[in-house]
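Chain residues, written in single-letter form:
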Amino acid sequence: MRLVLSDVGKTFLSLRGPVRAVRDVTLAIGEGELFVLLGPSGCGKSTVLNLAAGLVKPTSGEIRLGGRVVASRDGKVFVPPKERNVAMVFQSYALYPHLTVFENIAFPLRVAGEKKGDIGHAVAQAGKTLGISDILQARPAELSGGQRQRVAIARAIVRKPALFLLDEPLSNLDAGLRASTRGELKRLQRELGVTTLYVTHDQTEAMTLGDRIALLRDGAVVQTGTPRDLYERPETPFAASFIGSTPMNLLKIPVLEEGGNAVLCLGETRLILPPGQAARVRRLGTAGILFGIRPEHVRIARGTADRPVTGTVTSVEDLGRESLLQVRMGEMSLSVLTGDKTVREGETVVLDIPPEEAHFFAEGNGP
Amino acid sequence: MSGEGQVRLLYRAGVLGMAVFALGPILYMALTAASVRPDFLSPGTGFEFTAAHFLSVLRTTSLHFPDYLRNSLVVSGISAALCVGIASPAAYAITRLPLPGRMLFLLCILAVSMFPPVSMVSYLFRFMGTLGLINTYAALVLPYTAWILPLSLWILTSYFAQVPADLDRAAVVDGCTRLAALRKVVLPVAAPGIFSTALLAFIFAFNEFLFALMLTTDHAARTVPVGIALFEGLHGEIPWGVVMAASVLTTVPVVLLTLVFQRRIIQGLTRGAVKG
Amino acid sequence: MEEPPGDRRPLPPDVRERHAAGELVRGYAFLAPVSAFVAVFVIVPVIGTFAGSLMQDVTFLPKRFLGPGNYRAMLSDPGFWQALRFTCLFTLVSVPLELFLGLAFALLLAHPSRARGLLRACVLIPWAIPAAVSGRIFQLIYNYHYGLANYLAGLIGLSDRPVSWLGSPVGAFAALVTADAWKTTPFVAIILLAGLSGIPGDLYLQAEIDRAGVLRRFTRITLPLLSPVIVVALLFRTIDALRVFDLVFVLTGGGPGGSTNSLSLYGYHYFLSGDFGYGSAVSVALFLIAFGLSVLYVRAGRFARELA
Ligand SMILES: Nc1ncnc2c1ncn2[C@@H]1O[C@H](COP(=O)(O)OP(=O)(O)O)[C@@H](O)[C@H]1O
Ligand SMILES: [Mg+2]
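So the sequence lines, in the order shown, correspond to chains Y, U and A.
When you line the first sequence up against the numbering used here, it's residues 358 to 724, in that order.
When you line the second sequence up against the numbering used here, it's residues 122 to 397, in that order.
When you line the third sequence up against the numbering used here, it's residues 170 to 477, in that order.
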């Protein structure tokens, strides 16, 4: 079912005064889409999720679920969670500790007053889907973290919800389990075809899972798009540094006009920008520009290169297949991700910076 | 001797001293109750077992001991149930609803429990007299409940605060109303805490003295502490065997509760005090 | 950054009103039963007692307003001063004693041992039984003819003649203090035990690495970190000791010669004899003393927490 948020805002009244947790958020999530809300902790992701679930009433804006207004601008319409047919998986899993796994999964069905036989059947089905048929009689306290997480998901899918809400469901799992569960979740979501809103602060998770991502900061949406969009075309330095497994290098570098070309001054070296990039720089105005380049796009050239820039390696961090280098050039420092394992600390290297991979941002909305 | 050995010896001696200190008087009470003569320690006498004192406490109708015991159990039981029944919704609201001033409310209520009972008892005496309630269960249950409520609320609040708010949210998303979430999830999860609180409330009510002394007149409502305090022998001499037998019978319920629910009682007590 | 994270712009008025509406009323309804009970059966009686203390209110005499008359009478009554002196002395002796014993017990109980649960239950028993019963037990213990106290005193050769414990002011005082210590040390011990278990074990490990001795660890780690809990225990115990009634009523009845009359018992006697105005004045005096002390303790507690 489609979920549409239009200019939704939420202000909490706390002892220390009002907290604007969500500001004018507009999102349209399509039928069957897996939509990810990404952002640092405290940016209002959970609040958006709670607004969609009906756990929190918006202070402004309108929420529509499948064409029906479930929370309105003027506060006249508010559909409680009970009538929205949404399911939620919490970061803490929120399993009922006094109930067995079976009773936990059956809980939403029992509350809805379904018949005993149907409940047993549905729970067995959900248990099979998640591979937890053998622990249905256990209590949550007896389960491992991974098992609890599966129970929480089973409880969410058992009632065939119109909307599936997940709040950092993987953050309490250890790294190995997190990666495998991620894949499983995606498969499950495809199979069920249920519209899903997924909250995470982990960009890897967002990039691998999401059909689309909305990047949040301080309660507001910074950028919305597919994972590719966000990776290739970040619109702000914040988006640029938040997306990507190693943060993008962001440097304040002067760009000059020389003989009709836009030229980037990297120390002694000058890089001539290709026409597309030059146009973008000119739009931003050449004064006070932030130049960005991802560490994985900088290459160690050794010896010669078309656009040679030299620097000294100040640190080498071995990441396994690759190494993360910090390279000093005059006053600037650049992170470089390279597969070349022969580089040592203190060595002088020649860097190849491809201008077509460069990003430019107006200074002032810095990271 | 090594330092560690010394410490261990000191520990053993300390534990022994502690046990004798705590249990010695209890044992002395029990022995006197079961002894033919109360002066079994004096030279020339000795301990000789008898169950006569216990039987006389239970059978002598003019002593009314079984009545006192029943009154105590009923009054304490009802007070404890009322306390928990009234304090639980309040604790729920304090921990779950965004009510401005709720901490202030909690502190004010707690401050009330510091009032000395003697500063209420004369007014209560007249109040209950006006209502014609003197020497009824109601005359004790109502003030007991009010007097134990603050501590109950304080303890329950700390138990309810420990039930994660995500559980409420999960229940609401799963289709419960707020009230159903309270009934089906929060209350069952907090049940051990509620039980601990009820246990403490029961013990406080069972041990109360001043209200019971002023607000009751005879075995229709008099509780066991007052009964034991006002126990007088026929000829001025206190019948120690009988008094101690009554004391033993009075302590049996609370001692049993303490032994069985030691952990719950300690948990409840320390929540009231340490979390503050 | 376009906007600071904690935006303090005033809310539109409708937001505030919506928050203040029905939901709040429903929320406060949950607190209503507690408030009603406490108001009717605790606060109103206390106010009634305050008001009553300003009246001449004696059975068979006409009721009339006296103003501070009862208080004036009270302050010139040696019986009041005796009760006040006893109550303060009792509190000053028994509370530190209980604190000291309670701390020792707490340290013993905190020690890991197989019988820990049983030991805790045993220590808790004196606290759980009614004070009237413990009063009776200690009345027997301090019996002149065949009590345990005189038996033990004779056994270790402390005195060749039996001591008349309850017949002398000092003996009766000692009897009350020991009986109270017996009954309430467990409470202090349990509270302090909880405080002890809240002290992170790493601190002791670190101290051991730093080669701090047992005594040093106790004075440098245990006591400072325990001080907030000690203040709480002190507060509870002091308030309780000041209003002591049942133990005195049963064990000494205020005797001999009124030397162990506590303020509660002293006031109670006036209620019993029908002088409600005067009894109320005594109750108010006790109330004010207890109230003043709790304020003082809360201040001291805050101070101790700031020090720690
Ligand atoms: N019930 C609430 N009352 C007051 N402030 C809240 C409440 N819930 C969340 N907030 C505040 O709103 C902001 C966003 O919180 P949240 O949505 O939980 O962020 P995230 O899930 O992204 O970490 C935070 O500053 C948080 O303190
Ligand atoms: Mg969150």
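Honestly, the hints are just simulated from the structure, not real lab data.
Being a predicted model, the structure only gives us computed values, none of them experimental.
Keep in mind that the hints are not guaranteed to be accurate.
Unchecked claim - DSS-like cross-link-like pairs, simulated, lysine-lysine; straight-line CA separation at most 27 Å:
1. Y/Lys439 - Y/Lys472
2. U/Lys305 - Y/Lys698
3. Y/Lys473 - U/Lys305
4. Y/Lys473 - Y/Lys485
5. Y/Lys433 - Y/Lys473
6. Y/Lys543 - U/Lys305
7. U/Lys305 - Y/Lys414
8. Y/Lys433 - Y/Lys414
9. Y/Lys473 - Y/Lys414
10. Y/Lys485 - Y/Lys433
11. U/Lys305 - Y/Lys472
12. Y/Lys472 - Y/Lys485
13. Y/Lys485 - Y/Lys414
Said to hold, decoys possible - Covered stretches of chain U, going by a simulated chain Y footprint (3 or more residues, C-beta under 8 Å):
14. 181-193
15. 328-335
16. 345-352
What the hints assert, rightly or not - Derived Cβ-Cβ restraints for the label pairs, each shown as a range:
17. U/Val381 - A/Pro369: 25 to 33 Å
18. U/Arg180 - A/Leu261: 30 to 38 Å
19. U/Ala232 - Y/Gly540: 42 to 50 Å
20. A/Ala205 - Y/Gly550: 51 to 59 Å
21. U/Arg247 - A/His314: 24 to 32 Å
22. A/Pro369 - Y/Arg373: 24 to 32 Å
23. U/Leu176 - A/Asp371: 24 to 32 Å
24. Y/Ala719 - A/Ile378: 52 to 60 Å
25. U/Arg247 - A/Ala205: 29 to 37 Å
Quick reminder that beta carbons are idealized off the backbone N, C-alpha and C, glycines included.
The hints, checked one at a time:
no. : hint                            : result
1   : Y/Lys439 - Y/Lys472             : holds, 18 Å
2   : U/Lys305 - Y/Lys698             : violated, 60 Å
3   : Y/Lys473 - U/Lys305             : holds, 18 Å
4   : Y/Lys473 - Y/Lys485             : holds, 18 Å
5   : Y/Lys433 - Y/Lys473             : violated, 37 Å
6   : Y/Lys543 - U/Lys305             : violated, 32 Å
7   : U/Lys305 - Y/Lys414             : holds, 24 Å
8   : Y/Lys433 - Y/Lys414             : holds, 11 Å
9   : Y/Lys473 - Y/Lys414             : violated, 34 Å
10  : Y/Lys485 - Y/Lys433             : violated, 42 Å
11  : U/Lys305 - Y/Lys472             : holds, 19 Å
12  : Y/Lys472 - Y/Lys485             : holds, 20 Å
13  : Y/Lys485 - Y/Lys414             : violated, 36 Å
14  : 181-193                         : violated (count 0)
15  : 328-335                         : violated (count 0)
16  : 345-352                         : violated (count 0)
17  : U/Val381 - A/Pro369: 25 to 33 Å : holds, 32 Å
18  : U/Arg180 - A/Leu261: 30 to 38 Å : violated, 46 Å
19  : U/Ala232 - Y/Gly540: 42 to 50 Å : violated, 58 Å
20  : A/Ala205 - Y/Gly550: 51 to 59 Å : holds, 54 Å
21  : U/Arg247 - A/His314: 24 to 32 Å : violated, 43 Å
22  : A/Pro369 - Y/Arg373: 24 to 32 Å : holds, 29 Å
23  : U/Leu176 - A/Asp371: 24 to 32 Å : violated, 59 Å
24  : Y/Ala719 - A/Ile378: 52 to 60 Å : holds, 55 Å
25  : U/Arg247 - A/Ala205: 29 to 37 Å : violated, 20 Å
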